[in-house]
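The lines below spell out each chain.
There are 2 protein chains.
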Amino acid sequence: MRIIVIGAEGAVGRAAISDLKLRHEIIVAGRSSGNLHVDVLDEDSIARMFEAAGAIDAIITTTGKTHFGPLVEMTPAQFKGGLDDKLMGQINIALAALSKLRDGGSITVTTGVTNRDPIRQGANTAAVNGALEAFVRSASIEMPRNIRINCVSPGLLDVSAKKYEGYFPGHIPVSSERVGFAYTKAVEGAHNGTVFAVDG
Amino acid sequence: MRIIVIGAEGAVGRAAISDLKLRHEIIVAGRSSGNLHVDVLDEDSIARMFEAAGAIDAIITTTGKTHFGPLVEMTPAQFKGGLDDKLMGQINIALAALSKLRDGGSITVTTGVTNRDPIRQGANTAAVNGALEAFVRSASIEMPRNIRINCVSPGLLDVSAKKYEGYFPGHIPVSSERVGFAYTKAVEGAHNGTVFAVDG
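Heads up: the sequence lines are chains A and B, in that order.
Using our numbering, you'd call the opening residue of the first sequence number 1228 and step up by one each time.
Using our numbering, you'd call the opening residue of the second sequence number 1228 and step up by one each time.
Bear in mind the hints are in silico, worked out from the structure with no lab data behind them.
All values derive from a computational prediction rather than experimental measurement.
Hints may contain errors.
[Unchecked claim] Below, computed lysine to aspartate or glutamate pairings styled on EDC-like, alpha-carbon distance capped at 20 Å:
#, chain 1, residue 1, chain 2, residue 2
1, A, K1292, A, E1252
2, A, K1307, B, D1269
3, A, K1307, B, E1270
[Stated by the list, open to error] Rough simulated footprint, nothing fancy, chain A against chain B, three-plus residues with beta-carbon under 8 Å:
#, region
4, 1301–1307
5, 1322–1336
6, 1357–1366
Ideal Cβ positions, reconstructed from N, Cα and C, are used throughout, including at glycine.
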């Protein structure tokens, strides 16, 4: 398969392709790096990326920023920032992919553990993850041309545990290898509308 | 208790206060009607509403529009419209209420069945509902001053079944009375971070 991966240089993105790259052509797309350039917040940029990519079987998105901060200090603008970035970025790609992927292709978006297992300062991230997971479940019943849509929701990655020390008390880090297998299941499997939770 | 209800003139809003109004002072807030005027998309308007209301024990929001339409025709702008209206409207109220409610007060937001039981054309609504439900679960672990936050997620209301005929095939309408009791549980009960699903 020919698979576009957006965000392949982040920890989750590297995990996402760790197994898939053994068997498939991975086309890395990023804002300023990779095989193709794309701004996921710009519909025209996304259209140009698909045009440049040619025929594509699967697309994986692992990108997006959310606001981390104490609930009592959170402003509507901070909350909205997460919607405009991580949520709309992945939604923009998913909506465009519906008409761009080959028949029978697949879309895989990425969330994270904060929806099912909340942490302090994580209310915005949880909301963005909850929105994406609900979108995937709902969109899955309306997919055209046998395209499938799924979500991978990794726990705290082993390689990121040091960086986020103190933010995820008691969360058992999950190996990047296991996260990679979840993306393999989403892309090579037959699931549609599934949220693949990967916990430690 | 003194309870502000935003959206009390809609079908869900009327259901929300059907039981609570028997025992509590209900202050209806709306954009252009009710005891108090408020634009939930305007932080200053929300601040003025709380100032005018005086001491408040509970706030209930049932407002907001989302985009209904076929997935393959959905544009990012249509999707974003639901985030900017139903999601941010209720988030704006919840964030403001954290500092405005009396100690031990409660916030109750409203979602709907499309997250747990998707319908065609409902992907935007599902995403908004998923975001609100995730926010409630996550915010609940960071609530200040013993304030609680919960969500009521009603199925298709009996009084709305005719209006939405054809959109919810096989959904059993739920009585407004049962929906009212869910809001009573959220306001008078001790729950925090709970999504009260009310199905037919």
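How the hints compare with the structure:
no.: 1; hint: A:K1292 <-> A:E1252; verdict: 27 Å, violated
no.: 2; hint: A:K1307 <-> B:D1269; verdict: 13 Å, holds
no.: 3; hint: A:K1307 <-> B:E1270; verdict: 13 Å, holds
no.: 4; hint: 1301–1307; verdict: holds (count 5)
no.: 5; hint: 1322–1336; verdict: holds (count 3)
no.: 6; hint: 1357–1366; verdict: holds (count 9)
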